[in-house]
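Participant: Residue strings, one per chain:
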Amino acid sequence: MKTIAEINEKIRKGKAVIVSAEEMPYIVEKEGVKKAAQKVDIVTTGTFGAMCSSGAFLNFGHADPPIKMQKIWLNEVEAYTGIAAVDAYLGATELSLDREMNYGGAHVIEDLISGRSVNLRTTAYSTDCYPRKSIETKITLNDINQAFLFNPRNCYQKYNAAANSSDRVLHTYMGTLLPGKRNVNFSGTGELSPMNNDPDYDIIGFGTRIFLGGAKGYVIGEGTQHNPKKGFATISVKGNLKEMNTKYLKAGTVTEYGTTLYLGIGAAIPVLNEKIAGNTAVRNKDIKVNIYDYSVPRLSRPILREVDYETLFSGEVDLGGVKAKASSLSSLKISREIVKELEDWINHKEFYLTEKLESLPKEVEFKPMKLSETLVSVSRVMTREVVTALEHEPIEKVCNLMIKKGIDQIPVVDKNNKLKGIVTAWDITKATASGSKKLADIMTKKVITASPDEAVDAVSRKLEKYKINATPVVSKEGTVVGIVTLSDINKFYRRSR
Amino acid sequence: MKTYEITYSTESSSEPVLSRVILETKALVNILKADIDQDKGVMVISIIGSVEDAKRVIKAFGKYGVKIKKIEKKITLDRDKCIDCGACIGLCPVDALEFDKKRKLQLYEDNCIQCKACVKACPMNALSIEE
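Going down the list, the protein sequences come from chains X and W.
To get the numbering used here, take the position in the first sequence, counting from 1, and add 1.
To get the numbering used here, take the position in the second sequence, counting from 1, and add 168.
Calculated from the structure, these hints are not laboratory results.
Check each hint, because a few of them may be wrong.
Lysine-lysine pairs mimicking DSSO-like chemistry, simulated, CA-CA at most 27 Å apart [what the hints assert, rightly or not]: (1) W:272 with X:324; (2) W:170 with X:341; (3) X:326 with W:170; (4) W:269 with X:326; (5) W:284 with X:446.
The model shown is predicted, which means the values in this text are computed figures rather than measured ones.
Okay, chain W solo, but in the shape it has when bound (with noise of 0.2 Å):
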């Protein structure tokens, strides 16, 4: 999944710029984290189709003044402090964290959309994401 960091600045934040662009470029915009307040405006997307509907729906928050930019921030898991207990698997809203067959914990990076909601109940501090 391709997630972006949508960021508003104080002039766009009256403005129904998501609104709009989802509108011009009918593209399927997932948000995933929002965080708004009086100084700013960040929120967390993800883009719902081809290379092509990714690339108008940045050139329309360009337009409107909002900047975007991709997430290239990892989560990591140290194997050596993991003891595939699975306390972050119930935790993980898009299935970034499963077991295989051996009951072996499996991170799927791509997934993230870096919650940290694994990274604060792991008891062995065994997930990190990058600042």
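So here's chain X without its partners, still in its complex pose (with noise of 0.2 Å):
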């Protein structure tokens, strides 16, 4: 047994024996988990990765005349003044009214870390105490009072990693995945992650002192959708931005999702006893996540299996057969060297550890959201009529049967109504300049479908993502079981309203 004080006092010696977690591991499968806690005082640990829920509270320091700030954008990115005249919490995802998704609330912070000056343009009603109406200026982070990053949930303990197994390309907050299961995505740093060497949440708490973008940080609490039963940890963080290095802190884009910060975030758990000692063995063979399949656009997505991280850092997962290629979305070679600067500044003596002030709780759920209405799927709302052809009919048919009914797309089905693909009224026009006869030469093959059970909102998404108009609905079995327009999606939307 161990004290924190004790380690301290070591530190201050330059006497403490400092180990990272991937070695520890091998110390104690050498050396056993008693003579491996007496000997090794700290462990190290980090990760890198995107997260998403950062964000930053800054105070600019009152203007003369002075204004109570109701809206600001910092280069064009806007944050939330509801607190006061002069401070604005500007979150990492916002994304910029000028450059979207390639700029928002990460890069400014980022820019003004780097010393880079930001524009701040801002609005106001105005008040007896607060005359001015608005601003526009530039500004350093040298020239503004406290810059806090404050993130309201960072460091997933683990993450579960995903796939797609329709025929599209997605693209996610967990990357670009690939048709068919051809690739798995993940995030984290498996044994090397902080959250992962401590689960019983001994160490990490309210007060800890940690590594935090390259500046010395705090854990302020759990994060939000803090999931301890399932054994997805989080924490919420606050450090002093003027502090970070962008070495440690970066700006991101994930296609066609939005922006995110990357940033690395590394603790250091005193080996206090045996117990501790264990769980900072931990391998990656041990850390288990599951495999969702994303292309089931709804809260709770299948499972395609179990994977350990071992699994995933090998590059390649067996999903069914398919050989899967695995990509991180964090990086192991920086959060190595977060570990590897953590231990610089305890060997510095520029960092020393805390005592938790409360613990992490450990019995709290995390809820999905309550809706006032129930999920309306696309059967709800499709046209069960469906006018279709089939393949062998020949191309006036189906272009009078088009002006006849006034619709512009028909499903192509065989005899048993199993679709076979669609055909347009494009697709039929350029049918008669290049002088083809027969229905499947020209049809789309390759048709987007809607199932019946599926969302309005998904179905809806699907025909703005790929600019169509119409899409069949399809059973299970692959009949057609229905059409879904765009009128009769803008239809719902206009009656739920």
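Given two chains presented individually in distinct reference frames, assemble the corresponding complex, making use of the accompanying hints.
Facilitator: In structure tokens:
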């Protein structure tokens, strides 16, 4: 048994034995938990990855004459200023008005840290005490008073991995997912991750000093969506932006998803006893997550399989006969640099360990959102009497059918009503120009479809994404049970409003 | 890998030029990318075999009026921007991007077929192909 005070004393004397969370499993395996607990004082951990739930509190100081900011944009990224006169909270995922996904709150934070000047534009209603109505000026990090990184949810203990069983590319917050389960994207650093080395929250709790974006920061409590019962702990953290370093804090854009902040977090775990020595000996093969199928745009997605971090880091995962390439969205290399840097800080007596003030909760639940309406599936808004055509039918006949029924696309089916393709008025125009005669030659065979139980919102997104006006609704057996058009969906939205 | 861009004219697009070239030269040709519509046809191919094989294929395409040129465009990785996350690796169809033993990203330019999957997916904008 050791105390944190004793370990801090060793730091002071330059005698603390520090190992990384990647080395600890070997020490415990070789020397046993008992000896390892005596020998090792501190295990360093770290992670570097996309942490969307990040942002900064900024205080700009008062202008003359003063203003009570009501709306504020920093490089055209909106921040929230409903907190007194000249404070604002800038979220990492807020997109800019002018550059959309290429620039967001995370980029403003990175620009501030790198010393670049940022355009501040603000508007307000005036009061007797704050008469001013607008300001446009340029600021740097040095010009403003406080700048705290203040993140509601960071440093997930582990994170479920993602794949895509559909036949189309998906762009998600888990990166680009190739069709046919060809790749698996995952996040986190496995055995090197802070929370995985402290699964019972013996050490990391309210008030724990940590490495945050290249500076000293603090855990200020459990993170939002903290889910201890499932092994998905999160923490909320705070640190001084003015001390941070863009090596460990970088803005990024996840394709067609949005902006995010890549952030480095490290924790030094004091090995107080054998239990902690055992916990910090965790290996990648012991840390398991599920791979979810992101082709289902619902809150609960199907699980494709369970996988451990050792397999994920190997770069290849077997997904039912398909060898999927596994790629990380976190950087193990930078995480290792964080661990090394933390060790250097301790060796240079710049970082002492803290006793937590309170433990992270272990009993809370992570609940889904309560909705006042139930989910509306596409089967409720689709047209059930579908005009279809058979593959071998002549184009003229289909052409006439379109005119007669006043429609501009027709699903093509076989004699059992199974979907074979879709033909649009434009396909027919092209057919006329090129002289094609058979429907099977001109129809689109790879059809975008909806299933009857799919949510209206998800189908609406599909129409928007693929720039189409309608999609056949197809049963599990592949038969056409309806068709849903943009106008069906718009009618539904109008009604529900 | 030697990659070439072949461009069909409107006249040549109705002829099975690629099949003829392959039958005549008996060369192994791999189609890496094809972009064909009413007004143009552009393919990226690689020719598997010796320099002589490649020369024969180039000559044969020329005979049928199909333009062929070696792709000189190079993919570049901006080391200052790269965070070595690996988001690009799983998307690369030809193993042009891989980790070394220290989990540092390595780019093998010669394998690249300029599909740009990695360029779009890189969260740091670290990969680019000159146009």
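Participant: Determine which of the earlier numbered hints do not hold for this structure and return their numbers in increasing order.
Facilitator: Per hint list: single violation, 2.
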